[in-house]
Amino acid sequence: MTDLTRGGPAGLAASPARIGFGRRLRLKAEDGLGMLVVLALIVLVLGPMATVLVQAFWPGMFTRQMAEPGFSGLLEVFSRPLWQRSLTNSLFLAAVSAVAGGLLGTVLAVLRHSTRMALGPALDIASWAIIVLPSFILAQGWILFASRGGIANQWLGWSIVPDMVFNPWGLAAVMSLKAFPFAYLTVSAAMQWRMDDFSHAAKLCGASPLRVLATIQIPMLVPAVLSGAILIFIDVLGDFGLPAALATTYRFPTLTYAIYVAINQSPIRFDLAGVLAFYVTGIMLLAVMAYFWILRNRRYDFLGGKAQLRGAPGGPRSKWSDAIALVALGLAIVVPLGSSVLVSFTRSLSQGLAPANLTLEHYGYVLQTGGAFLSALGNSMGIAVAAALASGVLAAMAAYVVTFSDFRLNRLIDLTCTLSLAVPGVVLGIGYIFVWNSPALDDLGLALYGKPVILVLAGTAGAVPIAVRVLLGAMAQVPASMLSAAAMQGAGLARRLATIVVPIIAAALVSATLTAFGSAVFDLAINSILRPPRLDVLPVYVNRAFEQGMFGAATAATLVAGGTTILVIVGVRALSGMLIRRLFGATTKS
Numbered sequence: 030m031t032d033l034t035r036g037g038p039a040g041l042a043a044s045p046a047r048i049g050f051g052r053r054l055r056l057k058a059e060d061g062l063g064m065l066v067v068l069a070l071i072v073l074v075l076g077p078m079a080t081v082l083v084q085a086f087w088p089g090m091f092t093r094q095m096a097e098p099g100f101s102g103l104l105e106v107f108s109r110p111l112w113q114r115s116l117t118n119s120l121f122l123a124a125v126s127a128v129a130g131g132l133l134g135t136v137l138a139v140l141r142h143s144t145r146m147a148l149g150p151a152l153d154i155a156s157w158a159i160i161v162l163p164s165f166i167l168a169q170g171w172i173l174f175a176s177r178g179g180i181a182n183q184w185l186g187w188s189i190v191p192d193m194v195f196n197p198w199g200l201a202a203v204m205s206l207k208a209f210p211f212a213y214l215t216v217s218a219a220m221q222w223r224m225d226d227f228s229h230a231a232k233l234c235g236a237s238p239l240r241v242l243a244t245i246q247i248p249m250l251v252p253a254v255l256s257g258a259i260l261i262f263i264d265v266l267g268d269f270g271l272p273a274a275l276a277t278t279y280r281f282p283t284l285t286y287a288i289y290v291a292i293n294q295s296p297i298r299f300d301l302a303g304v305l306a307f308y309v310t311g312i313m314l315l316a317v318m319a320y321f322w323i324l325r326n327r328r329y330d331f332l333g334g335k336a337q338l339r340g341a342p343g344g345p346r347s348k349w350s351d352a353i354a355l356v357a358l359g360l361a362i363v364v365p366l367g368s369s370v371l372v373s374f375t376r377s378l379s380q381g382l383a384p385a386n387l388t389l390e391h392y393g394y395v396l397q398t399g400g401a402f403l404s405a406l407g408n409s410m411g412i413a414v415a416a417a418l419a420s421g422v423l424a425a426m427a428a429y430v431v432t433f434s435d436f437r438l439n440r441l442i443d444l445t446c447t448l449s450l451a452v453p454g455v456v457l458g459i460g461y462i463f464v465w466n467s468p469a470l471d472d473l474g475l476a477l478y479g480k481p482v483i484l485v486l487a488g489t490a491g492a493v494p495i496a497v498r499v500l501l502g503a504m505a506q507v508p509a510s511m512l513s514a515a516a517m518q519g520a521g522l523a524r525r526l527a528t529i530v531v532p533i534i535a536a537a538l539v540s541a542t543l544t545a546f547g548s549a550v551f552d553l554a555i556n557s558i559l560r561p562p563r564l565d566v567l568p569v570y571v572n573r574a575f576e577q578g579m580f581g582a583a584t585a586a587t588l589v590a591g592g593t594t595i596l597v598i599v600g601v602r603a604l605s606g607m608l609i610r611r612l613f614g615a616t617t618k619s
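Everything in the sequence shown is counted per the numbering used here, starting at 30 for the first residue and increasing by one.
Some clues are possibly wrong.
[To be verified] Distance windows between CB atoms, simulated:
1) P384 <-> L612: 47 to 55 Å
2) A385 <-> R610: 48 to 56 Å
3) L103 <-> A319: 27 to 35 Å
4) F121 <-> W157: 23 to 31 Å
5) A385 <-> P562: 37 to 45 Å
These aren't lab readings, by the way, just hints derived from the structure by calculation. Note that the coordinates shown come from a computational prediction; the quantities given were computed from them, not determined experimentally. Even for Gly, the Cβ is constructed at its ideal location relative to N, Cα and C.
Sequences and hints are given; from them, build the entire structure.
In structure tokens:
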């Protein structure tokens, strides 16, 4: 029998001093990993956002345009007609979209889970697709359909469509169609559970079905409805794609586009761009604070012991529900994407769908060897791969620290990854300019503004919050007892990560990395603001072609790039799935 007191093979009865020392080593290793995550978040997110806030009160502090500190920069917005109009336009667009998009998403979610629908699965898939699709692509599709030289007017003879779409209310409707999936998904999640006791009690008291819906079922969904509306408000307020697509068609400046103009005019006004970015961030924070204030002043914890998971709706299919879903899907995704596809195969919009007008020359133009498109696509793919890999690694580290350690700054990590979801790419880009173009770093030779690596850093910052959310759910499935047993057997942090954590979360890690890759390829805001002057990147190429009236080339480039991105994602997912199955198969056999 082995003498455990002498540190035999079991090794579990080591002296208290050794156990305490081992614990200190483990804590030190995980604390070190936590500090590495915090430092990375400071560089990628917190530092740039802090410079935006400071810049608003001390204009030029991080540039060579330094001025006296004060509130003059904040007040300057109200003395400039263009900036003032940008502020009011952004607030109008975000507020109307939050109400209209929230109402549409809520109605569709209620219909989806209360009636039997043939289009229910299509509605679920389309909602995720709309969220993933860049807004500037959908906006360009609407312009091709609704402009005076577009499909509706030229092909169908609907002369009323341009006036219906190109006004503030029409643009708010377009943005509502782009953003309603946020409300649809949040309300759908809230309807997974049902409490029939309240409804039964109301019916026994004589309440009609309509009154039950209005006084019981809808109030139960208030937190989800508010969450969806706030998400829509934040998404629309920080959107850059719509104003960028509208630049040459309809004058409707917003805060995000005004920021872009401020750093692309002569002279460059970094100070004013910082002030506008401060307003965007401040308004978003006020919206989130208002949401929490509403929830704190009323209780919504209605689920009890009799709560049941909601099953598939029974009864006959609802034609009205399917009709409403069909109209919503048609306007939200079929019209804009279908318009882009049609335009990519036609020589001229004015000649309609005549056989003589059909062509593949736009695809030949963008695919020509040595062309700007292939160069832009290659550059964007390379940047997206680097950003996706970096965000995947950092997100895995952050999720591990938050889930399995008592690191003192865990709340800061979680809060940073949550709040940064609401940071628009334009605001993040301005912060990166302030940090990586600052005189201090420039004097040290560390300035990265104007270099491709800054796009990788910004892409990583934009992808980390989403990747962390994906990996936190997967990390919760890892048994802590496995990690404890491995640590007691002497496995260090690196070995525990490599042999336990990574194999278990491998599928989720691949999904998070591919999601980051897809979003980085088409990030117009980051690429427009931080792109080095001589570097071709895909989103800027597509947007520039659209601005120059090369609609066929712009749509062909979008479809080729989108198809390439999807093929890469599907191929990597299939290959990784095969490798994961082989790995676990080999592990099981051994």
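Tell me the hint numbers this structure goes against, listed in increasing order.
3
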